[in-house]
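Those sequence lines, one after another, are chains Y and C.
Note that the numbering used here numbers the first sequence so that position 80 is 80, with each residue one more than the last.
Count along the second sequence starting at 1, add 159, and that's the number in the numbering used here.
These are computed hints drawn from the structure, not numbers from a lab.
Cβ coordinates follow ideal geometry from the N, Cα and C atoms, glycine included.
A couple of the hints might just be wrong.
Stated by the list, open to error - One-sided and incomplete, this derived list gives chain Y residues near chain C with beta-carbon spacing under 10 Å:
| hint | residue |
| --- | --- |
| 1 | 13 |
| 2 | 14 |
| 3 | 15 |
| 4 | 17 |
| 5 | 20 |
| 6 | 27 |
| 7 | 68 |
| 8 | 149 |
| 9 | 152 |
Unchecked claim - The calculated label-pair distances, taken between Cβ atoms and stated as ranges, are:
| hint | chain 1 | residue 1 | chain 2 | residue 2 | range |
| --- | --- | --- | --- | --- | --- |
| 10 | C | 399 | Y | 26 | 38 to 48 Å |
| 11 | C | 540 | Y | 82 | 21 to 31 Å |
| 12 | Y | 119 | C | 261 | 40 to 50 Å |
| 13 | Y | 147 | C | 439 | 28 to 38 Å |
| 14 | C | 448 | Y | 81 | 47 to 57 Å |
| 15 | Y | 82 | C | 485 | 45 to 55 Å |
| 16 | C | 267 | Y | 98 | 39 to 49 Å |
| 17 | C | 491 | Y | 82 | 17 to 27 Å |
| 18 | C | 399 | Y | 17 | 31 to 41 Å |
| 19 | C | 419 | Y | 116 | 50 to 60 Å |
| 20 | C | 261 | Y | 17 | 29 to 39 Å |
| 21 | C | 254 | Y | 98 | 17 to 27 Å |
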Amino acid sequence: MSNIDNDYFFAIARAQSDYARCIDDDRLEDWPAFFEEACLYRITSAASHRDGYEASVVFANSRGMLTDRISALREANIYERQAYRHLLGMPALLGQTSAGLRTETPFMVARIMQDGTTDLYATGRYLDIWNLKGEAPKIVERIVVCDSSRFDTLLAIPL
Amino acid sequence: MSQQAELERSVEGMPTWPGQGFTRVPYWVFQRDDVYAREQEAIFQGPVWHYLCLEADIAAGGDFMTTFVGDAPVVVTRDNEGAIHAFENRCAHRGALICLDAKGKGKKDFACVYHAWTYDLTGKLTGVAFQKGVKGKGGMPPEFKISEHGPRRLKITTLHGLVFGSFSADAPDFKSWLGPEIEPRIGRVLAGRKPVVLGRYTQVLPNNWKLYVENVKDSYHASILHLFFTTFELNRLSQKGAIVVDETGGHHISYSAVDRKTNTAGGEYAQQKIRSDSKYRLADPSLLQGFDEFNDDVTLQILSVFPTFVLQQIQNSIAIRQVVPRGPDRTDLHWTLLGFETDTPEQRLTRLKQANLIGPAGFISMEDGCVGGFVQRGVRAASHEQAILQMGGSTAESSESRVTEASIRGFWKAWRAHTGI
Chain Y
1 MSNIDNDYFF
11 AIARAQSDYA
21 RCIDDDRLED
31 WPAFFEEACL
41 YRITSAASHR
51 DGYEASVVFA
61 NSRGMLTDRI
71 SALREANIYE
81 RQAYRHLLGM
91 PALLGQTSAG
101 LRTETPFMVA
111 RIMQDGTTDL
121 YATGRYLDIW
131 NLKGEAPKIV
141 ERIVVCDSSR
151 FDTLLAIPL
Chain C
160 MSQQAELERS
170 VEGMPTWPGQ
180 GFTRVPYWVF
190 QRDDVYAREQ
200 EAIFQGPVWH
210 YLCLEADIAA
220 GGDFMTTFVG
230 DAPVVVTRDN
240 EGAIHAFENR
250 CAHRGALICL
260 DAKGKGKKDF
270 ACVYHAWTYD
280 LTGKLTGVAF
290 QKGVKGKGGM
300 PPEFKISEHG
310 PRRLKITTLH
320 GLVFGSFSAD
330 APDFKSWLGP
340 EIEPRIGRVL
350 AGRKPVVLGR
360 YTQVLPNNWK
370 LYVENVKDSY
380 HASILHLFFT
390 TFELNRLSQK
400 GAIVVDETGG
410 HHISYSAVDR
420 KTNTAGGEYA
430 QQKIRSDSKY
440 RLADPSLLQG
450 FDEFNDDVTL
460 QILSVFPTFV
470 LQQIQNSIAI
480 RQVVPRGPDR
490 TDLHWTLLGF
500 ETDTPEQRLT
510 RLKQANLIGP
520 AGFISMEDGC
530 VGGFVQRGVR
540 AASHEQAILQ
550 MGGSTAESSE
560 SRVTEASIRG
570 FWKAWRAHTG
580 I
C-alpha cells in the first residue's frame, strides 16, 4: 500500500468514526455536514441492490433533503425514543472514480429502546464515494445496503 | 356436520362478542391463538380472494415467485402457454417446502430437495424418485397413483395487472367480490399501463394484523398522528374527500382531492402549495413537486380489499401493501413500490423522492409502523375491555366526512361474517 493510500485510509476511517459518533450521540443536526451539497444518500437492501431496484427506504439527492429528514424527526414524526450504536469495520478502498474515491465499509447497528431493550437492528455495508479535496473527506454518495430487506417496526434515525 | 354446526364448534370456547353491531371491539380478538386459528381457516383458507403478486412479477413462461396466503406458503408461476398458476409450497410427500427461492426465471419444474418429488409449473406432481424401487426392491406399492397427490392448488384471477388467488373453490366471482365501486378505483391507478417494480421491502410490525388493517381504514387518525404535512405547512390547498365502504364492509376507499371551488376564491393558495411564512420549512421542497398523473385532482387514494390488500396513491407514490399475519402479535407488511413503463426520467425521479413518504422510514407511514404495537402492548392485560368505534355513528356506510370510523366498522362487519365470531 502506498503512503497516499495510507493517508486516504486513515482520513476515511476517521471520517467514518466521526459519522458514527455523530448519530449515536444524537447530534443529528450535524449529520448532513458529512455530505457534499450535491450528494446521494440511499438506504436499501442487499436484495434490492442486487435486483437493481431504484426506490429506497430513504432517498436524498441533496444535503437539503438530509436536513429535512432531521427536522421531520425532531418536529413532526412520532416514534418511541430510541438510540443506535454503530460498530463499523475497516473501510476497503476500491479505487478512484471521476466523482471521488470509492470505498466499502461494513457496519452493525444495535437499536436501544427507552426501556433498555437492545436488538441487532441492522447489518450491512456503506458503498461510498468520497471527495478528498477539502480539509475533511466529504460524502458524495452513500448507499447504505442493509443485508436484510426486513425492517423492524420503523426506521427513524439514519444509518 | 353441517356448515353451521362446524362454525359453532370452531368458535366454541371463545368469549362472546360484546353487544350488537361494530361500535365495540373486544381486545381478545388481537390476542387469542384460537381466534388466529379461526381466521386462518375461515378467511385465509376460506372463500376469500387474496393478493398474490403482480403479473409483471411473473411476466414470462417459467417465471415464479413465492408468497403467503395467511400462514400458507404459496408458489405462483407462469407456464409456457402464458397461464398463471398458484399452489401451496408444500410437498405432497412429507410436507417440505417445494421452492426455497423468493423468485426466479426459466423454471421447468420444481423438485423437492428432501426426496426429489417433482412438480410441473402448474403444481401437478409429475415424478416420485425411486417410485419403482431399485433393482426391483423397495419403491412405492403398485396401487400408489401420482395423479392422486399434489399440493393444494389455488383458484386464480387477475385484474389490471394484479394476481389474486383463493384456496377455496367457493370463492365468489371476483367482480362481485369487489363490488361496483372498488374495481374502477383500482383501474384509476393501474388500468391500461404496465407497472414497473421500483422497490420492495418488508416492515415487521409488532402487532396483530388486524391492528394494521384498522389503521389503513382509519381516516380519523390521519391528520392527528401524521404531522409531517401539518408541521411543514405543506398541502395547504383546501381539500375535499370522502370514504367509500362497499356493501360487505370489507373493502374501502379513502380519498382526498384539491377543492377547486374553495381554492379559486382563495387565489393565493391555489398557486403556491408551500407557505413561505411557516416556522418550519423544507430545505428541499422538491420532495413534493409532483406531476398530474390522473387529471382528477385526487392527491391521495388509499384503497383496501378485504382482508389484507392495500393499493396506495399518495401524490405520485404508488405502492401495494400486502399484510401477512405471522402469529397473533406479529405481522409482515410487504411493500411493492411501483412506477410505470411510460414514466419519463423526471417522473421516475419524483417517484423515488416521494418514496420518502412511505415505508418504515416514511415521513407519513413511519408512525403506522409503531402505533399498532402501542395498542398491542397497551391492551396486554385488558382482553375483555373494548375499543370504541363510534366516530361518525354506528353504521358502516360511505361518508363524505373523513372524521369517521365507518370503514373500520365495515372491516369488523366483514370479519365477523367470515369468522362467525
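Verification of the hints:
{"no.": "1", "hint": "13", "in the structure": "violated, 27 Å"}
{"no.": "2", "hint": "14", "in the structure": "violated, 27 Å"}
{"no.": "3", "hint": "15", "in the structure": "violated, 23 Å"}
{"no.": "4", "hint": "17", "in the structure": "violated, 24 Å"}
{"no.": "5", "hint": "20", "in the structure": "violated, 19 Å"}
{"no.": "6", "hint": "27", "in the structure": "violated, 18 Å"}
{"no.": "7", "hint": "68", "in the structure": "holds, 5 Å"}
{"no.": "8", "hint": "149", "in the structure": "holds, 5 Å"}
{"no.": "9", "hint": "152", "in the structure": "holds, 5 Å"}
{"no.": "10", "hint": "C:399 x Y:26: 38 to 48 Å", "in the structure": "holds, 41 Å"}
{"no.": "11", "hint": "C:540 x Y:82: 21 to 31 Å", "in the structure": "holds, 24 Å"}
{"no.": "12", "hint": "Y:119 x C:261: 40 to 50 Å", "in the structure": "violated, 24 Å"}
{"no.": "13", "hint": "Y:147 x C:439: 28 to 38 Å", "in the structure": "holds, 35 Å"}
{"no.": "14", "hint": "C:448 x Y:81: 47 to 57 Å", "in the structure": "violated, 33 Å"}
{"no.": "15", "hint": "Y:82 x C:485: 45 to 55 Å", "in the structure": "violated, 22 Å"}
{"no.": "16", "hint": "C:267 x Y:98: 39 to 49 Å", "in the structure": "holds, 45 Å"}
{"no.": "17", "hint": "C:491 x Y:82: 17 to 27 Å", "in the structure": "holds, 21 Å"}
{"no.": "18", "hint": "C:399 x Y:17: 31 to 41 Å", "in the structure": "violated, 52 Å"}
{"no.": "19", "hint": "C:419 x Y:116: 50 to 60 Å", "in the structure": "holds, 53 Å"}
{"no.": "20", "hint": "C:261 x Y:17: 29 to 39 Å", "in the structure": "holds, 36 Å"}
{"no.": "21", "hint": "C:254 x Y:98: 17 to 27 Å", "in the structure": "violated, 55 Å"}
Hints 1, 2, 3, 4, 5, 6, 12, 14, 15, 18 and 21 from the list above are not met by this structure, while the remaining hints are.
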